[in-house]
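Visitor: Here my numbering is used: the first residue of the sequence shown is 1447, the next is one more, and so on.
Calculated from the structure, these hints are not laboratory results.
Possibly wrong hints are sitting among the right ones.
To be verified - Label-pair restraints from in silico Cβ distances:
no., residue 1, residue 2, range
1, Gly1474, Leu1676, 17 to 27 Å
2, Leu1669, Pro1470, 29 to 39 Å
3, Val1560, Glu1477, 19 to 29 Å
This one's a predicted model, so the numbers in the text were calculated from it and none came from an experiment.
Beta carbons: idealized from backbone N, C-alpha and C, even for Gly.
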Amino acid sequence: MSVLAASGGGVFTPPGAELFDFPPLFAGGPEWLTKPVALAILGSLLTCAIAWSAFAKPKLVPRGMQNIGELGYIFVRDQVARPFLGKNAERWMPLLLSMFVLIWVWNIFAVVPVIQFPVASHIAFPAVLALSVYFLKIYLGMKHQGPVKYFTNLIPKGLPKPIYVLLVPIEYLSTFVLAPFTHAVRLFANMFAGHIILAFFSLVGYWFLIENPSLLGAPVGVLGVVMTILMTAFELFIQFLQAFLFTMLAAMYIGSGLEADH
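Can you build the whole structure from these sequences, using the hints too?
Guide: Dropping the structure here:
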């Protein structure tokens, strides 16, 4: 909660800021080894474990994890890869499926007891993924379309020349600055906001039912618990949706690098 140190010259802490204040995991440990980093690594290992258990020894009649893995593969292939990559869909499926599962696992950590932190609510992780897709898109564009044609293909042909004075900077700004920025921020902002909302309603329930129970405060505490349950269900949907949208945009950007007409 917000506090202003009683002693003179104290430091003001904004409400909820402590949720995102991560010291090293252990005393004397490296500054970079924090809870988000540990969870990001854990999520990566879980993604590898899911892929291994689903696809390492495929059977003709799938069952167990292979069933789940194939359902995930079909969903990403049909809803993400094929609409944007066409004949190149299968080639990019390992990347897109891994990205989808990794982001979804990172997001689900928000509602896992004890962990209760979505990795994507730390801007560094969505930014790294978005920049990776961004540089891959540029590399593919220059490789498949040529270093010069890739940049000129972004501009529509046949328009009146005065229009290009406005169109060219807007197109380049949108493609090379705003696109990767919004790609990262959309995922980050949704996970950040969801984490704050869940924390708020959980705190309301805890404060009025356990920390300071009273007859007058009990209805507010119950409302906090009910809203926590409802918002958790809604957040589960948002976590899936954001993993899907991030992966879909990644497929769209890769497709724009492979072929100019995307």
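Visitor: All hints, please: hold or fail.
Guide: Results of checking the hints against the structure:
1. Gly1474 x Leu1676: 17 to 27 Å: Violated, since Gly1474 and Leu1676 (Cβ atoms, about 42 Å apart) do not stay within the stated range.
2. Leu1669 x Pro1470: 29 to 39 Å: Holds, since Leu1669 and Pro1470 (Cβ atoms, about 38 Å apart) stay within the stated range.
3. Val1560 x Glu1477: 19 to 29 Å: With Cβ atoms ~23 Å apart, the hint holds.
This entry does not satisfy hint 1, going by the numbered hints stated previously; all others are met.
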